[in-house]
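Place chains B and C on chain A using the hints.
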Amino acid sequence: MTTPLLTVENLAVSIKTRDGGTVLPVREATFSIAPGETMALVGESGCGKSMTCLAISGLLPKRGRVSSGSAVLDGTDLAGLDQKAMREMRRRKIAFVFQDATNGLNPVKTVGWQIAEAVMLREGASRKAARERTLDLLARVGMPDPKARAKEFPHQLSGGMNQRAMIALAVAGSPRLLIADEATTALDVTIQAQILALIDDLRREFGMAVIFVTHDLGLVAEMADKVAVMYAGRVVESASVADLFARPDHPYTSGLLGSLPRVDERRSALQVIPGQVPPINAMPAGCSFAPRCPRASEVCRSERPLLEPHPIEPSHARVLACHKPVERAVA
Amino acid sequence: MTVTYALWKVLRAVLTMWLVVTFVFFVLRLTGDPVAQLLPDDVDQNTIDYYRRLWGLDQPILVQYWRYFEALFHGDLGISFRDNQDALELVLGRLPKTALLGFTALGFAIAFGLPLGVIAALKKDSLIDRIVMSVAVFGFSMPNFFLGILLILGFSLYLRVLPSSGSDTWLHLIMPALTLSSTMGAQIARYTRSAMIDVMNKPYMRTADSKGAGTTRRLYLHALPNASIPIITIIGLKIGELIGWAVVVENVFAWPGIGRLLTHAVAMRDLAVVQCILMMIALTMVTANLTVDLIYGWLDPRVRVGAARERLQ
Amino acid sequence: MTLSLLAQTPSRAPEPEPAHEAFLKLDKVERAFVYRRGTLTRPAKSFNAVDGVSLSLRKGETMAVVGESGCGKSTLGRLAAGLMRPTGGYVDLDGISFGELSADGWRDSRTQVQVIFQDAAGSLDPRLPVETQVREPLDLHNAGTREERRRRTEEMLMAVKLGRHLWKAVPGELSGGQQQRVVIARALILEPGLLICDEPVSALDVSIQAQIISLLADMRDRLDLTMIFISHDLAVVRQIADRVAVMYLGQIVEEGPVERLFSAPMHPYTKALLAAVPVPDPAVKRSKQLLMGDPPSPHAPPAGCRFHTRCPIATERCGTDMPEMRSFGSVHVACHHAEERS
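Here the protein sequences line up with chains A, B and C, keeping their order.
Heads up, the first sequence is in the numbering used here, so the first residue is 1 and it goes up one at a time.
Heads up, the second sequence is in the numbering used here, so the first residue is 1001 and it goes up one at a time.
Heads up, the third sequence is in the numbering used here, so the first residue is 2001 and it goes up one at a time.
This is chain A alone, in the form it adopts within the complex:
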């Protein structure tokens, strides 16, 4: 087994609310990712997947902080770094691609300027060298007519082109870890396919590890090597993509897969997960999924399950947090 590039353990994020209280959008995030590997962090809105990644890269909003746990990247615990050291990490090792590229780029600066800035900050290049490197990068991300596009402003480009620019900006300086936070959600499917293929190419070329933060299980199946499923601030199941889709152990994962319409077949009926995610400030005492879980029993409502290998068939690569995992068909 290769040494992981990033190991996140029991990470929790707390955010101060305006009325003086605190909420915990992330309670227990645990996963690891090896160099060059693609991992998907999947879950529904509000499950804490984005917040986890913002915490890793030190981009939490002002009122937020890592309240416990660790995130070790190349031997450095990111949770313990001060702002300046964290900024150095973002220059050298961690890059981010956000969802809405058109708003994610500065409206009063040209696309070229914004990429050149990243090149200067990350590679320490001179202004002139940065300008040349920008054109290389734009060509590399498949921007048509890079020279002309570099002089244009984000509002002059399509969403797909802006996302390409955002990716060029992110891979400047060859980061070790690229976090793509719903990077293709706002795009049309044919453009999404282009962007996904591009990210995968760049991953191979630069040897980056990629974390896809997404709600789209289809994207997970096509892009990722492994996957961590989050629910209500916790990673509830984590496994290789092949294992997870073949045999989901956690009732939530199983329900999620069952509720998914598929483009390649019509399902007789979509499975429905009843109810909704409990509000962030009123989490139940036991397992947070228990109120919606068809398999929940007394122990689920009183005792919070820990993220551990499967009780019956333990395997190192596969963990879940559930007292009553989905029964596996006897082989």
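Hints were generated in silico from the structure; no laboratory data involved.
Warning: the hint list may mix true and false statements.
Said to hold, decoys possible - Derived coverage of chain C by chain A (criterion: at least 3 residues anywhere in the stretch with Cβ under 8 Å from a Cβ of chain A; other residues may be distant):
#1 2044 to 2050
#2 2210 to 2220
#3 2255 to 2269
#4 2289 to 2296
Owing to the predicted nature of the structure, the values given are computational and were not obtained by experimental measurement.
All C-beta atoms in this analysis are idealised placements derived from N, C-alpha and C, irrespective of residue type, glycine included.
Using the frame of chain A, we list chains B and C on its own:
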């Protein structure tokens, strides 16, 4: 695109000027007879008629209006009824003093308002933020003349460090300019704060952060260029108010500018002078707005260059 | 503008009744939008967001309209709903042309057609309890006695499975899924014949999305609704539609029964669209044929076949001749090379 944009703005400015001149002309002429105001009560009808003819007031109002415009295009804005001097010359003679006061006040307002607003935004909800905003509310709600009197009491009568009236040295300038800048400075601080808070929460600021850009770079190269767009708009709009307040402040500090001249001219119904000053004020406001519009186009590429690929839906 | 549009509304020649009566019929429907206002020296520029679309739906049928942003599918929905007048062609509902209706007839026809949008929160009044909002259409149309209206509202709220404790709540207190339930209840309380759904589940999370899709399918079967389901999500479409129309730059490029179209797409754009949707099954590895580039601006669609600039099999002819819609059994395709690929 840019040329059309600029031409369109200039055309609108000219139209505004014409409307102002016309409006002022009719309102002044329909609200009272200047001859009766200027001459002593006991003069005979012949004298009155003589002056009426001399100033063209015996003609129908539309003819007066036509003549006025004719003269206007020859650079003739009429004669001051009171001291028989060319009205334009009289006003232009006072202009430098008012311009000096106005620009100094504008400078003070920006020099105080902008940084304070930025600091308040960066330290949002902190003690500094609250202090800055309290001062701003104070400066915004305190009447100008009252602040002027307070300053005179403090610095002239009590401390005896600054002169209370006149315009001879730069020391004379400090108090009137400060007084005049208080309202505008407070408003600039408030708008800067809200514009900065708005910009700091935009997704592109997080992108800049994700590149590893430092605080200074984020502030000067990413946040301020965006925040300056609404701030400049507000400054342009407030310049009009500044001129209004200048009338009050000039009277409080006996500053020999256009504001004082206007007060006297109105009292005497010195039509040509009043009209000339009002035109001057309107011209300043129109120019300020025009400048803002043009700067706006220059600052904001979304105004300057239209979308090459207009998006739908 | 409005006047000239009215003048352009075409007069209809009487025609024989078709064998199986279409409940909703769109015939060569066009809708132009001005995208740059004119000046003295420069004429206004306009383009057809919907350009010559013909469709017909039988009673109880669900037609999905799919395509990427800017393809005109939402405009088509508004035209079908009568929310917008076509600038060419006509829209018939149950034998009546929308264009011919008087103001009164128009209001009556509103009870026949209802629309559901993506943004449930935005289409609800934030201050009124949801029960009142669901009952409101009945009140407006003075349907039955007060007691009957109350009873029907209750039945409808139960049918959309909104918990009784939420009936007095205002929309802000509900989740996105619950809000969409309220919107559906309000749309269906007058028992319309036609329901237009414009991206009804796009804003919802997967687990909630499944709930709403199931609810819509259930209500459709119960009320014998005819439905137009506009979506960019092909997986959702496969789950709910009987037939599918694929749009590209304002035109329909392929239309047919859902199973046939998804399993054996004929138009290269349909193929590319289907191939681009990720499948949630790592065991399925499909050859990916990526479409190059962005779609052209709808303001200046390419000559000939509008898809030819991105089409992998385009020939010279595709750049010059606009392909006619041709029928291959139950599927209709506008492509010069359709038979080679079937």
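**Request:** Against the structure, test the hints numbered earlier, and report the numbers of the ones violated in rising order.
**Result:** 1
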